[in-house]
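We have chain A already, so just place chain B on it with the hints.
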Amino acid sequence: MSLVPWRDGRDGMYGWIWRHLPGNAWVKALISLVLALAVVYILFQYVFPWAEPLLPFNDVTVDNQ
Amino acid sequence: MRVIVRSVSELCITAGTLIVLFVVYVLFWTGVKADHTMSDQIHQLQDQWSRQTAHPKASPSPTAPAKPAAYKDGRPFAIMYIPRLGFTWNKPVLEDTAVNTLKKGLGHYAGTAQLGQVGNFAVAGHRRTYGDPFVDFPQLRKGDAVVLTDGTTWFTYRIDKGPYKTVPTDIEVIDPVPRKSGYRASGRYLTLTTCDPEWGHSHRLIVWAHLDSTQPVEAGKPAALRR
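Chains as they are written, first to last, in this note's numbering: chain A, 1 to 65; chain B, 1001 to 1227.
Next comes chain A alone, as it looks inside the complex:
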């Protein structure tokens, strides 16, 4: 086993995930969709609200209280 589990495989990270999902192709597609939505949700709910204030759009005051 190397640094990342999919390093030894022939199909990359997404291929590795795909192969490790249970069920037939339809079930896999459905699970992938749910996983992708979960990632988007976590990003919009937690990661982006944290990252956005680091950008300059918030600096609208003259004294930076």
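One should not assume that every hint holds.
[To be verified] With beta-carbon atoms standing in for the labels, derived distance ranges:
#	chain 1	residue 1	chain 2	residue 2	range
1	B	1203	A	53	16 to 24 Å
2	A	53	B	1052	46 to 54 Å
3	B	1012	A	23	25 to 33 Å
4	B	1048	A	14	16 to 24 Å
5	A	53	B	1016	17 to 25 Å
6	B	1072	A	36	39 to 47 Å
7	A	37	B	1227	26 to 34 Å
[Said to hold, decoys possible] In the EDC-like style, the derived pairs of lysine to aspartate or glutamate whose C-alpha atoms are separated by at most 20 Å in a straight line are:
#	chain 1	residue 1	chain 2	residue 2
8	B	1165	A	63
9	B	1180	B	1170
10	B	1033	A	52
11	B	1180	B	1144
12	B	1221	B	1132
13	B	1180	A	52
14	B	1221	B	1010
Derived from the structure by calculation, the hints contain no laboratory data.
Source: prediction; values computed, not measured.
Built from N, CA and C at the ideal position, the CB exists for glycine as well.
Just chain B now, kept in the frame of chain A:
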């Protein structure tokens, strides 16, 4: 070799998707969230005010207009209307200018004068993101009305100077008598600040206004808001 190429390309796809999602978040989703939160704040205020009129307090002395109670940090206390920014343009004004406060509406600089009082009532707002409240800030002109209500009184301010471009460290612009505004004597002033350029943070845009008239809410909307 193949592994490296594949890993790099997968990384690029992932990073690209992430960036696109972040842009969607900043440009679109913060606006959706802010519009929702701001109308929520306005409803909260209107609820609160209607309850106040239902149970009127003991009338204050008629000679001196009562000083409003201290504003609570992060809580809305007034609604601002600027006809020049759109006839339906109205935003809640909250106390303090913390990052989280400005996500919910305009922020009143804590420590500056209260609404309608002697001194400088200073308010900051987003130019871009979070509903773009001050996106049309550069269109403000001398003579434009800035109307505020705290539930009992309408305050009509008239813009005297602006938009004036300055640097972020120029805290003098929100002084009780801001020198660069041209005001010399103490009075009831209002200052609005936002960022410039639109998406940047290198400068600030300022407008100054003075209190032109007040009227109780029972007297109806001030002339500036009537079509």
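Against the structure, the hints:
no., hint, result
1, B/1203 to A/53: 16 to 24 Å, "holds, 19 Å"
2, A/53 to B/1052: 46 to 54 Å, "violated, 35 Å"
3, B/1012 to A/23: 25 to 33 Å, "holds, 29 Å"
4, B/1048 to A/14: 16 to 24 Å, "violated, 52 Å"
5, A/53 to B/1016: 17 to 25 Å, "holds, 23 Å"
6, B/1072 to A/36: 39 to 47 Å, "holds, 42 Å"
7, A/37 to B/1227: 26 to 34 Å, "violated, 45 Å"
8, B/1165 to A/63, "holds, 15 Å"
9, B/1180 to B/1170, "holds, 11 Å"
10, B/1033 to A/52, "holds, 14 Å"
11, B/1180 to B/1144, "holds, 19 Å"
12, B/1221 to B/1132, "violated, 25 Å"
13, B/1180 to A/52, "violated, 33 Å"
14, B/1221 to B/1010, "violated, 59 Å"
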